[in-house]
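*Asks:* Line order of the protein sequences matches chains C, D, P and R. Each residue of the first sequence is one higher than the last, beginning at 1 in this note's numbering. Each residue of the second sequence is one higher than the last, beginning at 1 in this note's numbering. Each residue of the third sequence is one higher than the last, beginning at 1 in this note's numbering. Each residue of the fourth sequence is one higher than the last, beginning at 1 in this note's numbering.
Calculated directly from the structure, the hints in this document are not laboratory data. On a predicted model such as this, the values are computed, not experimentally measured, just so you know. The reader is advised that the hints may include incorrect statements.
Treat identical chains as interchangeable: a pair holds within one or across any two.
Stated by the list, open to error - Simulated crosslink set (SDA-like; lysine to any residue; CA at most 20 angstroms straight-line):
| no. | residue 1 | residue 2 |
| --- | --- | --- |
| 1 | K39 | G380 |
| 2 | K337 | R240 |
| 3 | K337 | G167 |
| 4 | K337 | E166 |
| 5 | K375 | L190 |
| 6 | K375 | V216 |
| 7 | K375 | V147 |
| 8 | K337 | H170 |
| 9 | K39 | S303 |
Single-letter residue listing:
Protein chains: 4
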Amino acid sequence: MARQERPPGGPDQRGMNRQQVVEVIRNAGQIARIDIAQKTGVSPATVTAITSDLIGAGLIEEVASDEARTSGGRGRPRVALRVRGAAHLVAGVKVSFGTLSLVLIDFEGTTIVEHDAELSGPRLAPDVLSRDILRGLDAITAKIGRVTADISGLGVGLAGTINAPEGFVHWSPSLTERNVQLRDMLEALLPMPVFLDNDANLVAKAEQLFGEARGVSDFIVVTIEQGVGMGIVIDGQIYRGTRGCGAEFGHIKVHLDGALCRCGQRGCLEAYVSDYALLREADVSLPVAAGPSRSERLEALFSAAHAGDHTAETILDRASRMFAMGLANIVNIFDPKLIILSGERMSRDFLYSDDVISAMRDEVVQVDAPPPEVKIHKWGDSMWAKGAAAYAMEGVTELAVRRLAIDA
Amino acid sequence: MARQERPPGGPDQRGMNRQQVVEVIRNAGQIARIDIAQKTGVSPATVTAITSDLIGAGLIEEVASDEARTSGGRGRPRVALRVRGAAHLVAGVKVSFGTLSLVLIDFEGTTIVEHDAELSGPRLAPDVLSRDILRGLDAITAKIGRVTADISGLGVGLAGTINAPEGFVHWSPSLTERNVQLRDMLEALLPMPVFLDNDANLVAKAEQLFGEARGVSDFIVVTIEQGVGMGIVIDGQIYRGTRGCGAEFGHIKVHLDGALCRCGQRGCLEAYVSDYALLREADVSLPVAAGPSRSERLEALFSAAHAGDHTAETILDRASRMFAMGLANIVNIFDPKLIILSGERMSRDFLYSDDVISAMRDEVVQVDAPPPEVKIHKWGDSMWAKGAAAYAMEGVTELAVRRLAIDA
Amino acid sequence: MARQERPPGGPDQRGMNRQQVVEVIRNAGQIARIDIAQKTGVSPATVTAITSDLIGAGLIEEVASDEARTSGGRGRPRVALRVRGAAHLVAGVKVSFGTLSLVLIDFEGTTIVEHDAELSGPRLAPDVLSRDILRGLDAITAKIGRVTADISGLGVGLAGTINAPEGFVHWSPSLTERNVQLRDMLEALLPMPVFLDNDANLVAKAEQLFGEARGVSDFIVVTIEQGVGMGIVIDGQIYRGTRGCGAEFGHIKVHLDGALCRCGQRGCLEAYVSDYALLREADVSLPVAAGPSRSERLEALFSAAHAGDHTAETILDRASRMFAMGLANIVNIFDPKLIILSGERMSRDFLYSDDVISAMRDEVVQVDAPPPEVKIHKWGDSMWAKGAAAYAMEGVTELAVRRLAIDA
Amino acid sequence: MARQERPPGGPDQRGMNRQQVVEVIRNAGQIARIDIAQKTGVSPATVTAITSDLIGAGLIEEVASDEARTSGGRGRPRVALRVRGAAHLVAGVKVSFGTLSLVLIDFEGTTIVEHDAELSGPRLAPDVLSRDILRGLDAITAKIGRVTADISGLGVGLAGTINAPEGFVHWSPSLTERNVQLRDMLEALLPMPVFLDNDANLVAKAEQLFGEARGVSDFIVVTIEQGVGMGIVIDGQIYRGTRGCGAEFGHIKVHLDGALCRCGQRGCLEAYVSDYALLREADVSLPVAAGPSRSERLEALFSAAHAGDHTAETILDRASRMFAMGLANIVNIFDPKLIILSGERMSRDFLYSDDVISAMRDEVVQVDAPPPEVKIHKWGDSMWAKGAAAYAMEGVTELAVRRLAIDA
């Protein structure tokens, strides 16, 4: 995709209205024009003009209203609008430790196919990662008889510190280099626009669109996999900070001169609760933990704790207490309506336990009002990829609407 | 003031435009219509209509443009608009430990008079505090030959956990009771609408309008007086959290099972850096600190540290390190453009020192991009009151514009 | 007493044997010569010679054996020996926070009279303290119709860092000056030899002679009153360290950069468990604790904890955990047979609880052998004074035996 | 060796005198009878009788006095006594991580030969370790044309918790089993009496006999190799505690709920300063540290710190500070005359640095008297073995003297 297609300024008022209308239709599934006007605050006349343009561009289509059909109503059947799923094919990719998770969705947001691929290694040079992603896209499109060039937009999520608006990776555990203009590198190789973000932000996006946060304007997602991450949604928007360095939940300091973190600093939350933090304790004190692979050693730790081994318990217990303290800090700063603990879960029950949530509630500022709701959302790797696709969908929609404006 | 004057829903589009126009004019000092159109994105025709209404209502007035006057220009003199200072008298009050700071500003934002008053005690029943505020307003208006009933709006700032939109105090160190509907109590006693908020938020408002954050949309103010507070501004708006319990900087936990805080919990930042935290250490180990009053004992501590007393130094040094860690946590979560350390300063240099700022920079997530700017803003008690007045000014302007709509 | 009476070198063999014989008799109450020979390993002939000397000097006397009397035995009645109580009057003094506890015992070790006296203040100049002690001795001897000059030796215990063999006080909370040659000052004022030691060592001496450690050669006493202290007995002897600065249990560091101690250092155990440490936490967070006197505030804290107040509980709970950790450190270093927790007890149950002892056992090096026995010994202030008297008794006995040698 | 040769009770007076005489002669190198009498306090007549017996038994021999020879003195040449080196061959073995260090000394204490051998693995079953030791003894004796059966006594030092008087190993990192009656197992396999002790105690013994503590009655040795250990000498005797679980310097707790130790407990000093503690931090944060072997990774860490790498420095710096705190605790408890830091040194300068010693001095109880002297003694693995041999030498001498008594 040519960089110049991404318009320099913000969208104009008409473009914003068109995009809003598409998103209202997509969220609703199908909806009548009059209901669109009501939901958006745009006048019925303008809605009629906009939807006419969108139908002309093939982005939406008219259908007989469900309501009309089911009521077997007399008189003229009501007409509803829906997004044309076939209008665009959108891809989402999550880069994990050694693996890629990919998903394709249509323009309606329906999942078409999922695919997992091996990466060339756990930490890669940017060009190697780019080629791995291309190979993954070739593979997933082949599964449904399409080609990579058919994809209208690609969302990519990876761990690390990322300036999403710039498509710039300050640092990622998946890359061998710092300061990579990764979006541009991907767009130079791939035939579609690319939308890059921190993976926890994409989980927040997924929770907002498909998950536990539908209809909630202010919430926080804490992701738990090998490490911990955070996505902050304020007033419906992902909060990213000035340089893309906000929401660094794993690097909140919870102890002066505390345990050493992978980042080289002391006392980060991650240095107490992430997999490496657990393993470096287990490795010195649990004979059973000296297995060959990380996942086997972790599994041995979890099993030992479950079986009542005191040392294993103390490892998980301290992680739980530190995690609760980290969560309490987030509540003390954001006072959100909702916190979602989001992850594959596996055996990491010690971070999702009632004890953690209860300890967190004990450590927040106490007022005579209910504390934030905490939801636990267990799901697999595909959720990350789906969040990436949802993020790309926003971008694809915006570009499609703009093209409409330019063509007009 | 009758509650019904505060309209139930959000403002309509026209009201929003009018308010925006007033604020653009106030910020500019004086400004031509065409420049208003450009700054607001409102069409010139609409600007003309709006300003006509505002002039009719006495909120703004025409003046000969400075530019025209100074250029001695030929032809028709350009006309500019300015806010009519005399249109409204607005009051701000900061409730401190035993004292009230009051300020009156005109509708242009110019300070007319300041006044300090004694409170009946450091912690008061809500009705006593209300009467103390009324007495303070009577005194400050008397100073300029006006009466309390002339005030169009009152902003009140106090420490504690406050739900500003509801005017509700969950808890404040200045009140003997929890869960006080303080705004309603004040409005029942006073003849003007009242706008209540946490004092650190009002400092943020003051920094935004008159201070170091003019023109910055995303910043954080950390206030340092007897304790530490925080105001968060995101996208130009004060961020308050769901229940008014956000931005609790002093209650971020910095140590598991750490020092006991006044709030009854362990490890809060305040339990390491606030005056009481310093004093409880000084009181057991510094003979010189056993003076009669808190401020004398603090002064003795600061002097001893300055004179190189090892124990005094270690007290301030640990506070500095904990404070730096708290600041780093804020940066790791918000990644703001700007942090303002704001306070009277006095001898609390150990919290403003280069060492603190440098330690904070070492503890934030390291990327190859400049860290947030840190500004130090030293000012006295009147700044708090002025922030309260600024907050009230927003409300007064909104109400004036609405009345205009209703009258129309 | 003239300094020259304290002989420069160690005692000679004969003196040692004589002293040993006196102590065997005193411990036994009464005992036959043949049993003395067996217990001391001294030959019967030598025992006969020694006891003859001691009887001649009036230190011991012959009595009809209890055994002979009770068995109504035929034949020649067996003769036993006992210490002549009237031979010497020995005094013990414990210097506390504002008060003196005094006791007089006879040469048999029987308590004759106890007395409490006010001190001129909590911290005194050495000469003031000396005169207060003289006044106390005058008062206690008057109670039994004697005078201070009748006392053969005085034991003095006070808190602080004391070089007992030198009679030198490095530092004591009871004195306004450091580095005081207190024994010499007292002996210049008083008519008897003075034996000075750290108060916790004297409790160890009391436990060894009258308490829970009779017959135990290696044990540790931990004293709990306003602070914590320790006396170490190795191979029957009090272990004092090179400069009298050993056994500083309260100043073991349990936290790097931890809470500030009265001594000006950070992380001392005392800074977590002593009365001042509890109070400085209670004072900021428990409204009920803001009473007028230390003991009332402490009482309020203990009551609140007992009533289930969460904050009060957390104050005592952390003290308990730190104390257990300190005890575990002592066990990990000394591996003693017995630990005695010794104090007035009052409401300080949180330091004597089963939880503390169990936590301590969890934190010592784990071997498949029983951990040290822990005994709790509750007693009042007079125990300290009695320990001081016991310490003086040793000295008086040694001097009496030497005088015998010189006279011989 | 038959167990019954180790007499049940303590030694009798005559045996004690004989042993004392041998040791005085050995320490002196050579010494006249009259000087022996003076040093031991035994009468000249008794010295003459004892030395006659010892010469008859071949344990000592007469030599012309050095003094006589060098002074070219007139008259009858003075006769001195020296220990007959050939009287006994004594072996010392130190069990390390995968290797054995062996040494043979003669009865004079002169080193004859040293030898290093591989162990079958780092952790061994007791019978495998026993056979490895036998193989090592066969090898070292072969080097000088002798056989294992020629050895009169074997000292064995290994890390762990050891009851030396019982020859019992509660736990050792070198053994796969707990609770091993290792001395008896070794004596069942080997033809000589075996003397077993914790390795740090043997270093203390070596320091006392050959090293920095000659002539010092009260001192503490802190050993630094992969972990830290401690030997305590009080009144000339190694202090071992009741169950052999004393002097556990590495398991002093320095942090409540701190880092996990190999022992399964939290907050042990070892968990901050030992090699494994450094490596588990380096492994997550220093790319260079991910080398293949422990020693290479350690070397990389030390080099990086030396080169100024901030993360490497923080790893060593925290270890230094914790170590200083541990040393201060020892001083606060023992107040010794002398502390010896004893090890191979290598690159572990961060534990021997002036900063450590200075920090330790800042953290001990402050009195106006000089703090304990700290000496640093750098030496290699053979010192451990030599300490083991010295320990065996005491036992061999005692047995030789007893045999003399039995034969008499």
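*Asks:* Evaluate each hint against the coordinates.
*Replies:* Here is what the structure says about each hint:
1. K39 with G380: neither (33 angstroms within a copy, 48 angstroms between copies)
2. K337 with R240: both (19 angstroms within a copy, 12 angstroms between copies)
3. K337 with G167: Close across copies (19 angstroms), not inside one copy (30 angstroms); limit 20 angstroms.
4. K337 with E166: Close across copies (16 angstroms), not inside one copy (30 angstroms); limit 20 angstroms.
5. K375 with L190: neither (38 angstroms within a copy, 44 angstroms between copies)
6. K375 with V216: So K375 and V216 pass the 20 angstroms test inside one copy only (13 angstroms; across, 35 angstroms).
7. K375 with V147: So K375 and V147 fail the 20 angstroms test inside a copy (39 angstroms) and across (54 angstroms) alike.
8. K337 with H170: Only across copies: K337 and H170 sit 17 angstroms apart there, 31 angstroms inside one copy, limit 20 angstroms.
9. K39 with S303: neither (51 angstroms within a copy, 60 angstroms between copies)
Consistency note: the structure conflicts with the earlier hints numbered 1, 5, 7 and 9.
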